[in-house]
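Peer 1: Now for the letters of each chain:
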Amino acid sequence: MLNKQELSEIILKMVPEATFPEGTQLTEVIVPAENILALAEGLKNNKETAFDYMISLTAVDFTTNMTVVYHLDSTQFRHMIVLKVVLNDRENPLVDSVSSVWATAEFHEREVFDLFGIRFNNHPNLKRLFLEDDYGFPLRKDFRDEINIIER
Amino acid sequence: MSEEIIKDVIVRESEDYIINMGPQHPSTHGVLRFEVCLKGETVKYLIPHIGYIHRGIEKMCEADTYQQIIHLTDRMDYLSAHINNEAVCMVVEEAMQVEVPERVKYIRTILDELNRIASHQLWWCAFGMDLGALTAFFYGLRDREHILDIFEESFGSRLLHSFNTPGGLMHDVHPNFQKRTKEFITYFRKKLPEYDQLLTGNIIFQERVKGVGYMSREKAIAYGVTGPSGRGSNLACDIRKIAPYGAYDKVQFDEILMTEGDTFARYQVRMGEMLESMKIIEQLVDNIPEGDFTAKMKPIIKLPAGEYFKRVETARGELAVYVVSDGNKTPYRMKFRSPNFSNLFVMNELAAGGKIADLVAISGSLDLVIPDIDR
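Taken in sequence, the protein lines are chains A and B.
Position in the first sequence (from 1) plus 88 gives the number in the working numbering.
Position in the second sequence (from 1) plus 2 gives the number in the working numbering.
A couple of the hints might just be wrong.
[To be verified] Taking lysine-lysine and the BS3-like style, the derived pairs with C-alpha atoms no more than 25 Å apart in a straight line are:
| id | chain 1 | residue 1 | chain 2 | residue 2 |
| --- | --- | --- | --- | --- |
| 1 | A | K172 | B | K281 |
| 2 | B | K221 | A | K215 |
| 3 | A | K215 | B | K61 |
| 4 | B | K41 | B | K193 |
| 5 | A | K132 | B | K281 |
| 6 | A | K92 | B | K243 |
| 7 | B | K281 | B | K243 |
| 8 | B | K281 | A | K229 |
| 9 | B | K221 | B | K61 |
| 10 | B | K41 | A | K135 |
| 11 | B | K221 | B | K192 |
It is worth saying that the hints were derived from the structure and are not from the lab.
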């Protein structure tokens, strides 16, 4: 089990541009979008980190940017890490798919695409999961549903 | 594997036969559709189609206070309603740095385990029914009724309790709670061997589940399969052991692990977990400390700005709650990582190459609850 210091040293070797926000509940890493696939592969295959289990993949719409959030766990060491990718282009958000690293990511990415409209490069089957094709992206903050208004 | 699926779709052969299992199929226990491609009787691939009961719970959460969100989480995995409530309560308590009284922790843990037993009982009887053993259905529901009666006496509802609130419980448990829980344990310890006599040892049942739907440990990890389904593949994924919450650090219990990875292994894990849950309840029920049933909380809960994450073990696997707060009384973003969502998508790996007649056994052994997938 590695602590925050050891984890950040390993990650900085893989991605020198990574930043580590202070005061977070779990160890967090913010990486540029172009590095995420390499970092994901590195974290999974490195014997010291062995992040083989993806707990969840989700996104948050911060209105100024879209942030994709990856929660990872290691079934061997049971340490956790949160990866974040900030996408500044809200109109056309695009990030590399990590479904080649963790199989479950394929479906979490489809969910994120469905609800946020974030597209994933090299995704094997990027189709909407819950909603119809012409529906908007409901978890975006600027989403307005004409029929069912749930604003308070 | 996914790439192979797509190739399969493209080179669909003329003798391939596509059938839709669901959305209204009795063995999916909800509105879920499997698009199954058959070659003769062998399944070539299977694509789950979901979203029939997508209610947008995560979007609704953004307009609700944390006390209101509790009631929405009941409606995800309705068979683990109490455990879902607890997940949201704990994330709020952790964010506000509220220390809940020991009494609350004990009662919550007992209720968690009662909820787990009730859920496994319903799974057991429905699994038997799926495979054509209708008698199992009556045995399971007969015993589950005892737990639901305990719930009804203490919180007035049988399925969706909403009994947890941030900081503690809605009100104290009924004075009969300890007595009736102990009565139930004595009763169910006698009845559980009947389950084994009726179904586990039955040769017809064993022929249908042994060696069917094999899932390797690597596959379970890759697809994020947790809960009894993962533990059937020798994956130690019990959050109660990894990151104990409530009163789980005060009790002795075993994490049931099977190495076979087939449908029967997943069945045995759940049967073993019912025994372990009873062990946990027995250790706690006589030692519930006196005290308040809730910590002091402000009527309007505002989480400090930041991000919070909490995992719990429901009857089906790992439920993780991820909250982004901007300091208001409603969350900025709330994400539920539901166990069934990840468990469902391993179906293609388990079913492909097998016979269509095994499909019901495999989906039954994953114990899917559809509202939890769609949310």
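Peer 1: None of the hints should be skipped; say for each whether it holds.
Peer 2: Verification of the supplied hints:
For the suggested pair K172/A and K281/B, the alpha carbons sit about 41 Å apart, so the restraint of at most 25 Å is broken. A C-alpha spacing of about 23 Å is found between K221/B and K215/A, which places the hinted pair at or below 25 Å, so the restraint holds. For the proposed pair K215/A and K61/B, the alpha carbon gap of about 20 Å is at most 25 Å, so the pair holds. Taken as a hint, the K41/B and K193/B pair is broken in the structure, with Cα atoms around 43 Å apart against an allowance of 25 Å.
Only pairs whose Cα atoms come within 25 Å are accepted, and K132/A paired with K281/B is rejected, the gap being roughly 37 Å. At roughly 22 Å between alpha-carbon atoms, K92/A and K243/B fall within 25 Å of each other, so this suggested pair holds. Between the alpha carbons of K281/B and K243/B the distance comes to roughly 15 Å, so the proposed pair stays at or under 25 Å and holds. With a C-alpha separation of about 47 Å, the suggested pair K281/B and K229/A falls outside the 25 Å cut-off, and the hint is violated.
Restraint check for K221/B and K61/B: the C-alpha separation of about 32 Å exceeds 25 Å, so the hint is violated. Between K41/B and K135/A, the direct Cα distance comes to roughly 42 Å. Violation of the 25 Å bound is thereby established for this hinted pair. Our distance criterion of 25 Å between C-alpha atoms is broken by K221/B and K192/B, whose separation comes to about 37 Å.
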